[in-house]
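The sequence shown maps to residues 11 to 204 in the working numbering.
It should be emphasised that the hints constitute simulated quantities derived from the structure, not laboratory data.
Predicted model only: the values in this text are computed from it and were never measured.
Positions of the beta carbon are idealized from the N, C-alpha and C atoms, including for glycine.
Among these hints, one or two may not hold up.
What the hints assert, rightly or not - Simulated restraints, written as ranges between beta carbons of each label pair:
(1) 69 <-> 38: 41 to 51 Å
(2) 70 <-> 118: 50 to 60 Å
(3) 12 <-> 72: 16 to 26 Å
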Amino acid sequence: MLLVTLLAISLSIDALGIGLSYGIRNIFIPFFTKLILLLENIFFMAVFILLGNHIKLFFSAETANTLGIILLLFMGIWFCYQSIQKKQCQNSMEMLRNPSYCDKDNSSHIDAKEGLCLGFILSIDSMGAGIAAGAAQICIILLPFFTAVFQILFLSIGIYCGRHLKNCYTIKENIWTAFSGCILIMIALIRILF
């Protein structure tokens, strides 16, 4: 249970940074849109975990578990590397993470259609770690639900804090990416040691 909680937190921590950005810009996410985000995240995470779980069809259970741990470790290192890059990544995923981009009509309100876009980005962000978790057999039944709940929770907390603590604007979003990477590395090390 500890590993699945840590993994869910790691896969959801970026939502806190995105929530802070939304809150600072007074962008509101209604309950229905949050429900869409929740269901979309559960669906995608379940698909990623099933893909990881099917690695066992090609490898022995022990080899699949080892591959999953290596992938978790790699994802953690990759997240940390991304967070210290000086040049801003200009790919579509980074653009979609910009709150003003997801709020396409500049209404300061994320509707259902815009929520689908945000949910897709939050879910795709978890793809590698979800596949790794499936291969490493880390409580694969509970993980989609835990991840979805933590993402909505962190997004909501971020929006609340962003609205009330304007000085949060000085916190760079890459800090959340680095924190997420460190948790993934810690999970991989725990799996190696125990």
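Status of the hints after comparison with the structure:
Remark: the range hint 41 to 51 Å for residue 69 to residue 38 is upheld by a beta-carbon distance near 46 Å. Checked against the given bound of 50 to 60 Å, the beta carbons of residue 70 and residue 118, roughly 53 Å apart, stay inside it. Distance hint check: the CB atoms of residue 12 and residue 72 are about 22 Å apart, consistent with the given range 16 to 26 Å.
In this structure, none of the earlier numbered hints is contradicted; all agree with it.
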